[in-house]
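Numbering (my numbering), first residue to last: 1 to 592.
Source of the hints: derived by calculation from the structure; they are not laboratory data.
C-beta: ideal position from N, C-alpha, C; glycine also.
You may find that some hints are simply not true.
To be verified - When the alpha-carbon atoms are kept at most 25 angstroms apart in a straight line, the in silico DMTMM-like pairs for lysine to aspartate or glutamate are as follows:
| no. | residue 1 | residue 2 |
| --- | --- | --- |
| 1 | Lys307 | Asp380 |
| 2 | Lys434 | Glu532 |
| 3 | Lys472 | Asp458 |
| 4 | Lys531 | Asp552 |
| 5 | Lys307 | Glu295 |
| 6 | Lys20 | Glu221 |
| 7 | Lys302 | Asp380 |
| 8 | Lys531 | Asp572 |
| 9 | Lys70 | Glu83 |
As the list claims (entries may be wrong) - DEER-style ranges, computed between Cβ atoms:
| no. | residue 1 | residue 2 | range |
| --- | --- | --- | --- |
| 10 | Arg559 | Arg584 | 17 to 25 angstroms |
| 11 | Arg559 | Gly498 | 15 to 23 angstroms |
| 12 | Ser194 | Leu53 | 26 to 34 angstroms |
| 13 | Ser194 | Gly72 | 22 to 30 angstroms |
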Amino acid sequence: MSILAGDPLTQLAFSIFENKGIYALLLGSGLSRSAGIPTGWEITLDLVRRVALSQGVAEQADWAVWYRTKTGTEPNYSILLAELASSPAERRSILHSYIEPDEQDRADGRKIPTAAHHAIAGLVRDGYLKVIVTTNFDRLMENALREAGVEPTVVWSVDSLAGAEPLSHSSCYILKLHGDYKDARILNTDEELSGYPPEYDQILNRIFDEHGLLICGWSGEWDHALRAAMLRAPNRRFPTFWTLRGEPGNGAAELIGQRKAQPLTISDADTFFGSLAQRVETLGQTRKQNPLSVELIVSTVKRYLAKAEHRIQLDEIITQEGDRLLERMGASELSPQGNWTPEEFRSRVQIYQAASEPLARAAGAMGRWGDGAEFSQLSDIVRALVSHANKEGSGLSIWLGLRSYPALLVFTAYGLGLVRAQRWRELHDLFYLKMPREDRTPKPLVKTLFLWDWKGFDENTWRTLEGLDRRKTPLSDHLLNVFTEWGRSFVGMQSELGLIFDRFETLGALAHLEEHSEDELKATLSVHDRKERMSVGRIGWRETARQAVEQDLLVPPIRADLLKAGFAHGSDAYLDLFALNLRRVAGWMEWH
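Just need the whole structure built from these sequences, with the hints factored in.
Quick look at the structure:
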């Protein structure tokens, strides 16, 4: 399965970002609903109410029911409007009061551009969207665009089409299929909407053929001419996304099937377009802040590591990447506010990983080929990432915890590089690096970013990632998946990565245990089945792998090197006690 499975919003954001100007919007009355501009159905019921009240009818709880009882038919927007106003000019006058804001509307924030309109305007301003087709009479979209500094080409009639700037030359082209509410030639009735002028059909054919399509606020049930245009259009080049607040009606379902559209369930247009704009903005920030490719950054770091005279250049490139990562972490899309959903969690994990990859892979190379001079710089960067994460104190706990995920990735990459080079002293020092905490005493890194003690550690949450739903150690397994790809540039053969990763997590567990003295640990383990708590990853439930690591690390000559580096308090006996404690923790993990 794709990493985007179950996350069509991120898929759409990537497609819009990578295909700038290719998508056209089709906007219906639902988009303007939150601005207080009623839909056609709501206007219909209000007209029924006003006519009935003028005839002396008492106020009704449900005017649709009253109308059915009175006439024996369903309330029909087109029929009612045609009965009330015989000419287009009269119809325009009726509609004016429903669309144009008065002083009270402006004071209440109604009938003015919504958050959705402003988000769309931002995407247009930045060049991601250029074509907007709408069935709305109002001018909310035009007003939002002008507030964003965009002057659109607006077509609302055949004669305005004839004099308009060509579609391909316009920075923003709005086609108002039903007209403008200030023009008497607006289209309302079924008869008027049964067919478009040939000029409209021509431009719709071109738009639907040459662009991807994002539909919002249109039910697909009415406007037979628009339905016909979509049904006859070739379905070749770019996808169609159709936002829905529930199940599609028969008309929409037919169009979705014909265009092979991707349905997108949304709560409302404001939230949807706000989230979409944030994702596109984040992708843009990542692209703009990474002028060097990841591979070029890693190869440059390797080259600088090879010669001491390049130490200054190495310092500069790592500092630059650290600054870029800190800036990306401040993206509005990564705010700790907002509700948790599996899709949002997957999206944030991917965004953090994409932002962290250049620096993390560079850190892995420095762990593998460094000489110790790099330790202080990488230590400062990890501390800076943690400090930045800690600046936000309010919000959803999982989003707050996830803010330090980049620090975890950089630390893990550096640690894996150190394990690959058998730089045990630096690895032990890394685990005991003091991490800042807001208004509290600093704690060792192994008690801050390593597995169980990391604020972002929650097994059930990490199980929502693809393929991890049944894993005992989903975070550990996910990190192995990440570094199986990233680690190729600093570990070597892919087949070695699993062993290197197991070594790293085993030594992390040992460092985590070292808060207990040898006497304390001996006393605990003297009681049958008792154990001391320590963070254990995937090594805990894989007995064969655990035995392999014990035979690898706990026998000469590596055993002596580990003790010399400070692991196990430098004690042979402590190392044996650790092995026993690991087996007991593993036994507990098998049953939990």
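A quick look at each hint next to the structure:
With a CA separation close to 22 angstroms, the supplied pair lysine 307 and aspartate 380 stays within the 25 angstroms bound. Of the pairs offered as hints, the one joining lysine 434 and glutamate 532 holds, with about 22 angstroms between alpha carbons and a cut-off of 25 angstroms not exceeded. Pair hint lysine 472 plus aspartate 458 holds up; C-alpha atoms about 12 angstroms apart against a cutoff of 25 angstroms. A hinted pair counts as satisfied when its Cα atoms are at most 25 angstroms apart, and lysine 531 with aspartate 552 qualifies at roughly 23 angstroms.
With a C-alpha separation of about 19 angstroms, the suggested pairing of lysine 307 with glutamate 295 holds against the 25 angstroms cut-off. Pair hint lysine 20 plus glutamate 221 does not hold up; C-alpha atoms about 30 angstroms apart against a cutoff of 25 angstroms. Distance restraint check for lysine 302 and aspartate 380: the Cα-Cα separation of roughly 20 angstroms lies within the 25 angstroms cut-off, and the hinted pair is therefore satisfied. The suggested pairing of lysine 531 with aspartate 572 holds, with an alpha-carbon distance near 19 angstroms, which does not exceed 25 angstroms.
Note on lysine 70 and glutamate 83: the hinted pairing holds, with a Cα-Cα distance of about 16 angstroms set against a maximum of 25 angstroms. For arginine 559 paired with arginine 584, a C-beta distance near 21 angstroms keeps the hint of 17 to 25 angstroms intact. For the pair arginine 559 and glycine 498, the supplied restraint of 15 to 23 angstroms holds, since their beta-carbon distance comes to about 21 angstroms. Against the hinted window of 26 to 34 angstroms, the Cβ-Cβ separation of serine 194 and leucine 53 comes to about 32 angstroms, which satisfies the hint.
One distance hint, 22 to 30 angstroms for the beta-carbon pair serine 194 and glycine 72, holds here, with the actual separation near 24 angstroms.
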